[in-house]
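Trainee: So the protein lines, in turn, are chains P and Y. Numbering-wise, numbering that gives the first Met the number 0 puts 334 at position 335 of the first sequence, and it's gapless, one number per residue. Numbering-wise, numbering that gives the first Met the number 0 puts 60 at position 61 of the second sequence, and it's gapless, one number per residue.
Everything labelled a hint here was simulated from the structure, so no lab data went into it. Source: prediction; values computed, not measured. Heads up, a few of these hints could be off.
To be verified - Chain Y side only, calculated, beta carbon under 7 Å to chain P, not exhaustive:
#, residue
1, Val12
2, Leu63
3, Arg67
4, Pro93
5, Pro103
6, Arg127
Stated by the list, open to error - Here are the computed lysine-lysine pairs in the DSSO-like style, where the Cα-Cα straight-line distance is at most 27 Å:
#, chain 1, residue 1, chain 2, residue 2
7, P, Lys175, P, Lys210
8, P, Lys82, Y, Lys47
9, P, Lys83, Y, Lys80
10, P, Lys83, P, Lys346
11, P, Lys82, P, Lys404
12, P, Lys1, P, Lys27
13, P, Lys466, P, Lys1
14, P, Lys489, P, Lys404
15, P, Lys27, Y, Lys29
16, Y, Lys29, Y, Lys112
17, P, Lys346, P, Lys272
18, P, Lys346, P, Lys175
19, P, Lys307, P, Lys275
20, P, Lys275, Y, Lys80
21, P, Lys1, P, Lys82
22, Y, Lys112, P, Lys346
23, P, Lys83, P, Lys307
24, Y, Lys80, Y, Lys47
25, P, Lys346, P, Lys210
26, P, Lys83, Y, Lys112
27, P, Lys83, Y, Lys47
28, Y, Lys47, P, Lys346
29, P, Lys307, P, Lys346
30, Y, Lys112, Y, Lys80
Claimed, not checked - Just the calculated beta-carbon pair ranges, DEER-fashion:
#, chain 1, residue 1, chain 2, residue 2, range
31, Y, Asp8, P, Pro45, 37 to 47 Å
32, P, Ala389, Y, Gly88, 24 to 34 Å
33, P, Arg231, Y, Thr144, 28 to 38 Å
Using N, Cα and C, we set each Cβ at its ideal position, and we do this for glycine too.
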Amino acid sequence: MKFVAVSSCPTGIAHTYMAAEALEQAGKAAGHEVHVETQGAAGSVPLDPALIAEADGVIYAADLDVQGKERFAGKPITDVGVKKAVHDAPGVIAQAVAAVEAARAAGTAPAAGAAPVPVAVTPARTVGVGHRIRQYLMTGVSYMIPFVAAGGILIAIGFLIATVAWPSNGAIEVTKVVDGTNGAAFAKWIADGFSFTSGQSWAVLLFWIGKWAFAFLVPALSAYIAYGIADRPGIVPGMVGGFAAGLVGAGFLGGIVTGFLGGFLALWISRWKVPKGVRGVMPVVVIPLLSVAVVGVLTALVIGPPMKALNDGLSSWLSSLSGGSAVLLGVILGLMMCFDLGGPLNKVAYVFATTGLANAASTSAAPAKVMAAVMAAGMVPPLAVALATAVRPALWTENERESGKSAWLLGLSFISEGAIPFAAADPLRMIPSFMLGGAVTGGLVMAFGSGQLAPHGGIWVLALISKPLLFLLALVVGTVVSALAVMAMKRLGQGSDAEIADEAVTRPTVARAA
Amino acid sequence: MSTSLITPDLVAVDVVATDRDDVVRQLIDKLVAAGRVTDADGFAADVKAREAQMATGMPGGIGLPHARSQYVTTPSLALGKVPGGVDFGAPDGPATLVFLIAAPASGDADHLKILAALARRLVHPEFRQSLTDAPDAATVAEIITREVVPA
């Protein structure tokens, strides 16, 4: 086969070239032709468009955003990062061969020799705005994933231990023992309540450690989106902005906004022409001071108030709906649960359900059914991505496939955040797919009439849910629908990359930062 | 090219080092002594920042700390042979050959091309082996100059 590849690394003097050499050598050894464009500090010679046209597949061994991605539109892309290419080039070549074969089997890859997309003949020093935005998002997501995995799995383990450690309702009891966000209360619990030999104590502790890790989700996402844009100066405004977005209830979508805001602000300030004497204090004082102040003020005053209004409005709207059609209410709650995965809409739906529980005498009461619908819908997004990555691994990057595996556990534990890495990386395709599945599940649960009195716990509280088999059926149907939608949207996207590329030619393009 | 990438002065054989910061520091001191780096602390901080982004250990016992830095005046390579090994975060164990690449913040393309050529050579096991086998500093410098720098 023939491959073209792009390599790049943070410094641009070592790994870029080692990866290029390693890929060329490994390709030769395996009987493939590999041509590498080294986007490093020594400048890069763009790949000959004829080579790109002939290529069967594309390899990105790049830690920076690949410049001129539109040239490769429609070809199967293997995205591994520069380190993997240096350490295991033969493995990368094998992976790229597998990706080409998978794409051929799926009928999505144009045959080698197909006409190059129009943009391929233009100078390749530009990259589409859409692709750049996606690259920034991906940077943020890749740094956030470990927090999701660590926090989510710890919470799930907490639930798991709790179901054994308490005689009944363990997954509920574990959340009530102590408020882990209250430092004084938690310290008191450690001193007075914690026992080394008690399963309950360990369940509570692990649960809250997981929650603490989750507290960094949005700050990390925001910080590293900003880092992707502005490099190191972006981290501080991004992180503080993400924290503030969480505080005012704007969720991960708010965190994406603060990430872009903080990043571009820091980038802009860092490009000011300043006297030599001031230059030294720019990175340690001026850039962080100004960017944090602006991002903080905007988040508190501009993002915060509409969030509160949205919250209040939605809450009263939901209350007004609860008299009407139960199925419609289930659908709407499902849509809300899956829209922002822990953000304002999700929170309104969840709080609406949990506060209703106070009025539910049994699992057949209406509020109990609402709770069941909300929980089932909230389990759909992580389960859907887990299913989609398992069924169609070729559509995903290696990171995404790994995240997909842990998403099974998170989804079963009703930890919707497990899907955030996917939603944040590609919101326009993922969120509607999640909402579709959530709506199906929410509506079905209401139609079936499953009810529950537990506010959390996912599959671990199944024993407390009435009509558990129908509850599971609703969950499975919504998950499958959502996974199918996710895969269809991914495909759709691949087809439209050529259009994006066309757009990139006519639109003003942004010169690459730094 | 008036100054070469590496000279025997910049090669340290039989380095004994406690950790990667230690060996980097020893190599930086050589660069400072040769007048190729103006501020040892400043350059050390830049190298450390780069190392923190992603460990530069490679399979085959290679550590490759590097940075572009305002404190570098001449693109340079300093090489330390560490028979005892020092961890550079490679999956297969400690590094016995440590290459410290120093590039100026605003290097011209010719210099950077030489560094690129060096990076490409490093991937080849024969090249690394020849350096490991080289008996003294002068041979090491001679091999690198011959293999990397264009005639």
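Trainee: Each hint: holds or not?
Mentor: For each hint, the structure was consulted:
1. Annotation: Val12/Y was flagged as interfacial toward chain P, and the flag is violated, the nearest CB pair being 22 Å apart, outside 7 Å.
2. Hint status for Leu63/Y: holds, given a least beta-carbon distance of 6 Å to chain P, under 7 Å.
3. With 7 Å as the threshold, the beta carbon of Arg67/Y comes within range of chain P, its nearest partner Cβ sitting at about 6 Å, so the hint holds.
4. Here the hint on Pro93/Y is broken, as its CB sits about 15 Å from the closest CB of chain P, past 7 Å.
5. A distance limit of 7 Å between C-beta atoms decides the matter here; for Pro103/Y the minimum to chain P is near 10 Å, and the interface restraint is violated.
6. This hint is violated: Arg127/Y has a C-beta 12 Å from the nearest C-beta of chain P, more than the 7 Å allowed.
7. Pair hint Lys175/P plus Lys210/P holds up; C-alpha atoms about 13 Å apart against a cutoff of 27 Å.
8. With a C-alpha separation of about 18 Å, the suggested pairing of Lys82/P with Lys47/Y holds against the 27 Å cut-off.
9. Of the supplied pair hints, the one linking Lys83/P and Lys80/Y holds, its CA atoms being roughly 25 Å apart against a limit of 27 Å.
10. For a cut-off of 27 Å, the pair hint linking Lys83/P to Lys346/P is broken: about 39 Å separates their Cα positions.
11. A hinted pair counts as satisfied when its Cα atoms are at most 27 Å apart, and Lys82/P with Lys404/P qualifies at roughly 23 Å.
12. Between Lys1/P and Lys27/P the alpha-carbon distance is near 10 Å, which keeps this suggested pair within the 27 Å criterion.
13. Proposed proximity of Lys466/P and Lys1/P is contradicted: the alpha carbons are some 56 Å apart, above 27 Å.
14. About 19 Å separates the Cα atoms of Lys489/P and Lys404/P, which keeps this hinted pair within 27 Å; it holds.
15. For the suggested pair Lys27/P and Lys29/Y, the alpha carbons sit about 39 Å apart, so the restraint of at most 27 Å is broken.
16. Restraint check: the Cα-Cα separation between Lys29/Y and Lys112/Y comes to about 23 Å, which is no more than 27 Å; the hinted pair holds.
17. Using a Cα cut-off of 27 Å, the hinted pair Lys346/P and Lys272/P is violated, with the two alpha carbons roughly 44 Å apart.
18. Proposed proximity of Lys346/P and Lys175/P is supported: the alpha carbons are some 19 Å apart, at most 27 Å.
19. Only pairs whose Cα atoms come within 27 Å are accepted, and Lys307/P paired with Lys275/P is rejected, the gap being roughly 45 Å.
20. Taken as a hint, the Lys275/P and Lys80/Y pair is broken in the structure, with Cα atoms around 40 Å apart against an allowance of 27 Å.
21. Of the supplied pair hints, the one linking Lys1/P and Lys82/P holds, its CA atoms being roughly 22 Å apart against a limit of 27 Å.
22. Our distance criterion of 27 Å between C-alpha atoms is broken by Lys112/Y and Lys346/P, whose separation comes to about 54 Å.
23. Between Lys83/P and Lys307/P the alpha-carbon distance is near 45 Å, which puts this suggested pair outside the 27 Å criterion.
24. As the CA atoms of Lys80/Y and Lys47/Y are separated by approximately 20 Å, the hinted pair is consistent with the 27 Å bound.
25. Between Lys346/P and Lys210/P, the direct Cα distance comes to roughly 16 Å. Compliance with the 27 Å bound is thereby established for this hinted pair.
26. Restraint check for Lys83/P and Lys112/Y: satisfied, since their Cα atoms lie roughly 23 Å apart, inside the 27 Å limit.
27. In summary, the hint linking Lys83/P to Lys47/Y is supported, as the alpha carbons are separated by about 21 Å, within the 27 Å threshold.
28. Simply put, Lys47/Y and Lys346/P have alpha-carbon atoms about 42 Å apart, too far for the 27 Å limit, and the pair is violated.
29. Annotation: proposed proximity of Lys307/P to Lys346/P holds, straight-line Cα distance about 12 Å (limit 27 Å).
30. Taking the CA atoms of Lys112/Y and Lys80/Y, the gap is near 25 Å; set against the 27 Å cutoff, the hint holds.
31. At about 39 Å, the CB distance of Asp8/Y to Pro45/P agrees with the hint of 37 to 47 Å.
32. For Ala389/P and Gly88/Y, the Cβ-Cβ distance of about 31 Å falls inside the hinted range of 24 to 34 Å, so the restraint holds.
33. A hinted range of 28 to 38 Å holds for the C-beta pair Arg231/P and Thr144/Y, which are about 35 Å apart.
Going through the hint list in order, the structure does not satisfy hints 1, 4, 5, 6, 10, 13, 15, 17, 19, 20, 22, 23 and 28.
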